[in-house]
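The chain contents come next:
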Amino acid sequence: MKTLATDPSHKRFYKSQSISGIDFHSLALELLNGSEAISPGKERPIVSSPNPEEVIQLVDQIRQILFPGNLGSKVLHPDQPEKNLTLEIQALYNILVEQIHWSFSHEWCQLERPSPFYRDRGYEKAAEFLQSLPSTKKLLVKDIQAAFEGDPAAKSHTEIIVSYPGLFALTVYRIAHTLQVMGLPLLPRMMTEYAHSRTGIDIHPGARIGEYFFIDHGTGVVIGETTVIGDRVRIYQGVTLGALSLPPNAGNLYRNKKRHPTIEDDVIIYANATILGGETIIGARTTIGGNVWITESVPPDTKVILNHPDHIYLRN
Amino acid sequence: MKTLATDPSHKRFYKSQSISGIDFHSLALELLNGSEAISPGKERPIVSSPNPEEVIQLVDQIRQILFPGNLGSKVLHPDQPEKNLTLEIQALYNILVEQIHWSFSHEWCQLERPSPFYRDRGYEKAAEFLQSLPSTKKLLVKDIQAAFEGDPAAKSHTEIIVSYPGLFALTVYRIAHTLQVMGLPLLPRMMTEYAHSRTGIDIHPGARIGEYFFIDHGTGVVIGETTVIGDRVRIYQGVTLGALSLPPNAGNLYRNKKRHPTIEDDVIIYANATILGGETIIGARTTIGGNVWITESVPPDTKVILNHPDHIYLRN
Amino acid sequence: MKTLATDPSHKRFYKSQSISGIDFHSLALELLNGSEAISPGKERPIVSSPNPEEVIQLVDQIRQILFPGNLGSKVLHPDQPEKNLTLEIQALYNILVEQIHWSFSHEWCQLERPSPFYRDRGYEKAAEFLQSLPSTKKLLVKDIQAAFEGDPAAKSHTEIIVSYPGLFALTVYRIAHTLQVMGLPLLPRMMTEYAHSRTGIDIHPGARIGEYFFIDHGTGVVIGETTVIGDRVRIYQGVTLGALSLPPNAGNLYRNKKRHPTIEDDVIIYANATILGGETIIGARTTIGGNVWITESVPPDTKVILNHPDHIYLRN
Numbered sequence: 001m002k003t004l005a006t007d008p009s010h011k012r013f014y015k016s017q018s019i020s021g022i023d024f025h026s027l028a029l030e031l032l033n034g035s036e037a038i039s040p041g042k043e044r045p046i047v048s049s050p051n052p053e054e055v056i057q058l059v060d061q062i063r064q065i066l067f068p069g070n071l072g073s074k075v076l077h078p079d080q081p082e083k084n085l086t087l088e089i090q091a092l093y094n095i096l097v098e099q100i101h102w103s104f105s106h107e108w109c110q111l112e113r114p115s116p117f118y119r120d121r122g123y124e125k126a127a128e129f130l131q132s133l134p135s136t137k138k139l140l141v142k143d144i145q146a147a148f149e150g151d152p153a154a155k156s157h158t159e160i161i162v163s164y165p166g167l168f169a170l171t172v173y174r175i176a177h178t179l180q181v182m183g184l185p186l187l188p189r190m191m192t193e194y195a196h197s198r199t200g201i202d203i204h205p206g207a208r209i210g211e212y213f214f215i216d217h218g219t220g221v222v223i224g225e226t227t228v229i230g231d232r233v234r235i236y237q238g239v240t241l242g243a244l245s246l247p248p249n250a251g252n253l254y255r256n257k258k259r260h261p262t263i264e265d266d267v268i269i270y271a272n273a274t275i276l277g278g279e280t281i282i283g284a285r286t287t288i289g290g291n292v293w294i295t296e297s298v299p300p301d302t303k304v305i306l307n308h309p310d311h312i313y314l315r316n
Numbered sequence: 001m002k003t004l005a006t007d008p009s010h011k012r013f014y015k016s017q018s019i020s021g022i023d024f025h026s027l028a029l030e031l032l033n034g035s036e037a038i039s040p041g042k043e044r045p046i047v048s049s050p051n052p053e054e055v056i057q058l059v060d061q062i063r064q065i066l067f068p069g070n071l072g073s074k075v076l077h078p079d080q081p082e083k084n085l086t087l088e089i090q091a092l093y094n095i096l097v098e099q100i101h102w103s104f105s106h107e108w109c110q111l112e113r114p115s116p117f118y119r120d121r122g123y124e125k126a127a128e129f130l131q132s133l134p135s136t137k138k139l140l141v142k143d144i145q146a147a148f149e150g151d152p153a154a155k156s157h158t159e160i161i162v163s164y165p166g167l168f169a170l171t172v173y174r175i176a177h178t179l180q181v182m183g184l185p186l187l188p189r190m191m192t193e194y195a196h197s198r199t200g201i202d203i204h205p206g207a208r209i210g211e212y213f214f215i216d217h218g219t220g221v222v223i224g225e226t227t228v229i230g231d232r233v234r235i236y237q238g239v240t241l242g243a244l245s246l247p248p249n250a251g252n253l254y255r256n257k258k259r260h261p262t263i264e265d266d267v268i269i270y271a272n273a274t275i276l277g278g279e280t281i282i283g284a285r286t287t288i289g290g291n292v293w294i295t296e297s298v299p300p301d302t303k304v305i306l307n308h309p310d311h312i313y314l315r316n
Numbered sequence: 001m002k003t004l005a006t007d008p009s010h011k012r013f014y015k016s017q018s019i020s021g022i023d024f025h026s027l028a029l030e031l032l033n034g035s036e037a038i039s040p041g042k043e044r045p046i047v048s049s050p051n052p053e054e055v056i057q058l059v060d061q062i063r064q065i066l067f068p069g070n071l072g073s074k075v076l077h078p079d080q081p082e083k084n085l086t087l088e089i090q091a092l093y094n095i096l097v098e099q100i101h102w103s104f105s106h107e108w109c110q111l112e113r114p115s116p117f118y119r120d121r122g123y124e125k126a127a128e129f130l131q132s133l134p135s136t137k138k139l140l141v142k143d144i145q146a147a148f149e150g151d152p153a154a155k156s157h158t159e160i161i162v163s164y165p166g167l168f169a170l171t172v173y174r175i176a177h178t179l180q181v182m183g184l185p186l187l188p189r190m191m192t193e194y195a196h197s198r199t200g201i202d203i204h205p206g207a208r209i210g211e212y213f214f215i216d217h218g219t220g221v222v223i224g225e226t227t228v229i230g231d232r233v234r235i236y237q238g239v240t241l242g243a244l245s246l247p248p249n250a251g252n253l254y255r256n257k258k259r260h261p262t263i264e265d266d267v268i269i270y271a272n273a274t275i276l277g278g279e280t281i282i283g284a285r286t287t288i289g290g291n292v293w294i295t296e297s298v299p300p301d302t303k304v305i306l307n308h309p310d311h312i313y314l315r316n
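Chains as they are written, first to last, in our numbering: chain A, 1 to 316; chain B, 1 to 316; chain C, 1 to 316.
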């Protein structure tokens with residue numbers, strides 16, 4: 001990059017900096033004192049939350065372990081591939097302990113200083129999570145099969161693993177949901193927001209999603225915190241499974257209430273359809289057409305489509 | 001990674017390369033001579049624009065300074081956290097001077113060679129920007145409060161800071177808008193496009209946005225260059241605040257005209273609503289329902305929703 | 001980052017790990033044996049696919065070569081810029097040979113072990129690809145001109161090159177389409193999904209797109225595998241050029257059939273319009289309005305817009 005060292009006006013730089021007239025120290029104080037409204041426990045030690053960059057590494061490591069040889073850059077020894085994997089799992093364990101430790105510490109630092117107690121929680125939870133990986137993988141293998149069956153453009157299972165955003169988002173969701181159920185603060189949502197950022201697919205870690213789920217294209221998909229989805233469901237880009245309109249102060253009024261719909265088995269929801277409301281149930285084997293707008297339940301075995309859309313055709 | 005060094009056919013590689021029959025040098029010339037149409041000043045020295053990777057680092061550093069202890073990976077000394085921060089602000093200052101220097105140099109290299117003059121501009125502008133950080137932070141703290149009040153799924157202020165894409169996009173927008181108003185070329189748009197890339201939220205640095213703004217989910221949101229938004233406004237994913245249809249050569253005809261709507265205080269705009277036109281005003285305290293399509297002004301204290309959508313229900 | 005080394009409970013950590021009671025080795029075996037359903041050739045050596053991180057580097061290198069001085073961080077020597085570029089092209093050649101080699105190896109490892117044969121394919125294909133770069137650049141220069149003419153917010157050609165997601169996605173698509181036509185497995189789709197991830201614009205490498213194409217904003221755009229687009233076409237965010245509804249087992253039934261529309265020259269398609277079906281043709285010089293939903297052909301020189309949308313206005 002262009003470094004000052006290579007720059008003729010190098011000396012002038014530090015000269016000008018010293019005369020920049022900026023009081024960096026009082027600027028720092030002013031910035032630190034600007035947070036009262038959102039961090040009441042200011043006088044207590046500030047423990048940093050899990051580092052987003054480290055959370056990204058963590059997710060990528062778990063994906064490597066779930067799909068050995070597909071996402072990695074190594075050629076696994078055909079004779080004993082489990083050797084690599086054993087080491088990778090041990091490495092993952094150590095990092096998990098760290099991150100879980102910091103999640104609890106940050107959450108609880110308002111009450112007391114971080115302590116070995118949180119680290120013990122890290123050990124338990126990390127072990128519990130590792131034990132869950134084989135069943136998570138079984139679920140993801142079914143999701144891959146659903147993608148291959150559902151998408152004529154899919155050329156191979158590998159293509160789906162290495163390039164399909166829907167599978168990426170679903171992998172991260174299934175990992176994060178496990179951690180959410182284990183009661184971890186912060187980490188699950190940080191993981192799904194990493195997936196949201198990479199795929200445009202926003203699945204809250206609290207949602208419940210069945211087997212053989214397939215999201216095609218996916219950009220703009222929103223699956224809210226209290227959504228429940230059955231087995232063999234397929235959805236397309238821009239589908240919202242959301243809440244009905246909320247009053248200004250909805251945050252506190254509706255926290256922990258079921259606000260998002262229930263989608264039963266074998267439902268297909270086409271691009272940009274919107275389904276809203278915690279009491280809205282889409283019955284089994286029903287198809288929701290593209291751009292359709294639903295705020296009430298739909299019976300099973302139904303097809304809902306736009307009536308001939310009301311367009312005007314003009315000749316230039 | 002798989003290196004050639006570990007590859008049996010290593011020697012064959014360089015052999016084959018030497019006989020690859022590619023004339024790399026004339027390929028380079030051909031590529032360099034392919035740009036006349038877009039870079040008229042070809043014979044003048046080509047000064048590189050700010051490096052997108054460095055712009056990303058710059059944005060992330062500013063965010064760390066605005067939210068110390070939340071995005072970083074350090075535990076701040078409870079006794080004197082301002083020490084870290086002072087050093088981080090000084091480091092930021094140096095990088096800002098660099099990037100601002102290169103923005104001006106690239107912009108102006110058609111006219112003359114880069115000179116210390118641009119670096120002096122770098123000093124002024126970098127200092128001016130640093131002085132603006134405390135008021136930017138005050139605004140962002142209000143945006144965080146708006147998110148916590150507006151979203152039932154929000155568990156804590158920290159969760160919003162470390163994981164909410166709406167706050168990320170808004171933080172980058174508020175930084176970029178300050179630089180835009182300071183007259184910086186390139187850098188502001190590069191910053192907001194980084195946020196667009198990470199969040200799917202496309203806010204032009206030229207837009208004007210009031211206090212307590214909250215974007216939920218956010219994927220697909222577009223807020224055009226000449227949009228004006230009041231205080232306590234809340235919008236959802238897929239909302240477009242855009243321009244009316246443009247003739248083929250719109251680029252030159254409409255540059256610098258107000259083409260995007262005005263949204264007054266306390267308005268809520270639900271998912272995938274579209275509001276178009278520079279003379280369109282959404283009055284204070286009005287609510288725009290999901291999927292609604294607006295090209296004319298709406299009075300204050302109004303609620304606009306889809307009439308019972310025209311759907312057909314078929315039994316399978 | 002917060003390392004255990006700096007942590008008082010360091011010793012306890014390894015103690016607890018040794019008593020963590022996790023059998024890492026059998027966990028690894030369980031995970032390896034979970035893939036039968038998707039990787040039948042399990043007993044054969046697993047050759048890793050191209051590494052997504054390396055594919056990202058590859059794309060970024062190609063972009064640097066196509067737009068020297070705009071995306072890079074170097075100041076090119078005004079006297080002999082082609083020197084840098086020659087070296088960069090040679091470096092690209094070597095990496096291309098690698099990645100193409102691994103694409104074929106992974107694809108074919110079900111049949112036989114990787115062999116120098118694939119590497120020879122790497123040489124041919126890499127050379128063929130490099131020769132295509134000048135014509136790709138000519139196309140992209142026209143796309144940049146289309147963006148500048150089409151977008152009133154565009155301040156300079158450089159701004160478009162360094163910050164416009166539409167140009168980014170189109171650059172990656174034009175590169176990937178070339179490799180797709182050359183018969184490369186995996187790599188083309190991995191490239192376009194990288195662009196999808198960064199821009200929210202999902203263009204399948206199999207689509208065919210003419211000259212002077214411009215995508216504005218772009219988040220949520222989907223352009224399917226068998227889409228055909230003429231010259232001087234402009235589209236906006238959220239536009240879907242997709243397939244009609246598919247039966248559950250569509251994957252195998254519809255593979256390699258034309259499922260996506262044909263868009264003729266000089267068509268404009270506004271935000272969030274949806275056009276579906278392999279036999280749907282949008283005639284030359286036609287304009288499709290925002291939110292319009294099309295499943296049948298539209299004649300040339302036509303304008304299709306929403307009839308006055310059916311909204312209800314309520315006073316609060």
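Simulated from the structure, these hints should not be mistaken for laboratory data. Accuracy of the hints is not assured; some may be wrong.
A pair holds if it fits inside one copy or across any two, identical chains being indistinguishable in the list.
Dumping the calculated DSSO-like pairs for lysine-lysine here, alpha-carbon to alpha-carbon at most 30 Å [as the list claims (entries may be wrong)]:
{"hint": "1", "residue 1": "142", "residue 2": "258"}
{"hint": "2", "residue 1": "138", "residue 2": "258"}
{"hint": "3", "residue 1": "83", "residue 2": "258"}
{"hint": "4", "residue 1": "142", "residue 2": "303"}
{"hint": "5", "residue 1": "257", "residue 2": "155"}
{"hint": "6", "residue 1": "83", "residue 2": "142"}
{"hint": "7", "residue 1": "155", "residue 2": "258"}
{"hint": "8", "residue 1": "138", "residue 2": "83"}
Tested hints:
In this assembly of identical chains, residue 142 and residue 258 lie within 30 Å of each other by CA distance both inside one copy and across copies; the values are 28 Å within and 28 Å between. Taking the closest pair of Cα atoms, residue 138 and residue 258 come within 30 Å of each other only inside a single copy of the chain (29 Å); across copies the shortest separation is 34 Å, beyond that limit. For a Cα distance limit of 30 Å, the shortest separation of residue 83 from residue 258 qualifies neither inside one copy, at 45 Å, nor across copies, at 46 Å. Taking CA atoms no more than 30 Å apart as the test, residue 142 paired with residue 303 passes inside one copy only; the shortest distance there is 26 Å, against 45 Å between copies.
Proximity of residue 257 and residue 155 under a CA criterion of 30 Å is satisfied inter-copy only: 13 Å between copies versus 42 Å inside one chain copy. Taking CA atoms no more than 30 Å apart as the test, residue 83 paired with residue 142 passes inside one copy only; the shortest distance there is 26 Å, against 52 Å between copies. In this homomeric assembly, residue 155 and residue 258 come within 30 Å of each other (Cα to Cα) only across copies, at 15 Å, whereas the closest approach inside a single copy is 39 Å. For the identical chains of this complex, residue 138 and residue 83 are intra-copy neighbours only, at 21 Å inside a copy versus 50 Å across copies, given an alpha-carbon limit of 30 Å.
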